[in-house]
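Residue 4 in numbering that gives the first Met the number 0 is what sits at position 5 of the sequence shown, and the numbering runs on without skipping anything.
Each hint should be verified, as a subset may be incorrect.
[To be verified] Pairs of lysine-lysine residues, derived as PhoX-like cross-links and limited to a Cα-Cα distance of at most 20 Å, are as follows:
id	residue 1	residue 2
1	141	73
2	73	32
3	32	120
4	141	32
5	48	73
6	47	73
Since the hints were made in silico from the structure, they are not lab data.
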Amino acid sequence: MTVAAFRSPPPLRRILAGFVACAGVTFTGCGTKGPELYQVKGTVLVNKKAAEHATVVLHPVNPATPDAPKPRGKVNADGSFTLTTHTVGDGAPAGEYRVTVEQWLAGARSDDPPANRLPAKYADPNTSGLTATISAGATELKAIEITR
């Protein structure tokens with residue numbers, strides 16, 4: 000018997016090579032873990048009332064990567080929020096953050112476009128003046144109080 004008799008036919012080799020390549024692409028990055036996340040809760044008040052439907056976003060002061068996800072939370076009817084980075088309520092990585100708050104609500108008439116009901120300075124991490132520090136372990140942020 001010759002060595003040629005034990006070789007796979009060319010089409011089978013191509014299929015096998017394609018399978019290995021697909022598996023490599025599919026599983027690349029599996030098992031890589033991002034930074035540990037910690038539960039974070041807080042409250043947002045506007046003129047001493049709950050800022051229902053507002054969105055709080057934490058912008059890392061020194062991000063690990065420019066496109067790192069930003070922890071965010073939606074404010075409930077009682078003014079409370081819980082931060083989410085990847086899945087609902089999973090928290091935020093430890094670190095220093097600049098905070099933005101926006102409250103987009105529909106206009107009074109159906110043809111009015113939605114508008115941010117909070118002063119524009121709170122929509123920009125460089126002008127909001129709001130900061131947060133997330134430490135290892137659960138964190139309760141200081142209440143964010145905004146006046147209009």
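### Query
Under the criterion that the straight-line Cα-Cα distance not exceed 20 Å, is the pair residue 141, residue 32 satisfied?
violated, 29 Å
### Query
Is the Cα-Cα distance between residue 47 and residue 73 20 Å or less?
Distance ~18 Å between residue 47 and residue 73 Cα, so the pair holds.
### Query
Are residue 48 and residue 73 close enough, with their CA atoms no more than 20 Å apart?
holds, 15 Å
### Message
Need the status of pair residue 141, residue 73: alpha-carbon distance at most 20 Å?
### Response
Holds, at roughly 16 Å.
### Query
When you check the alpha-carbon spacing of residue 32 and residue 120, does it fall within 20 Å?
Between residue 32 and residue 120 the Cα gap is close to 35 Å, so the pair fails against 20 Å, i.e. violated.
### Query
Are residue 73 and residue 32 close enough, with their CA atoms no more than 20 Å apart?
Violated. Residue 73 to residue 32 sits at ~25 Å, over the 20 Å cutoff.
Violated hints, in rising order: 2, 3 and 4; the structure is consistent with all others.
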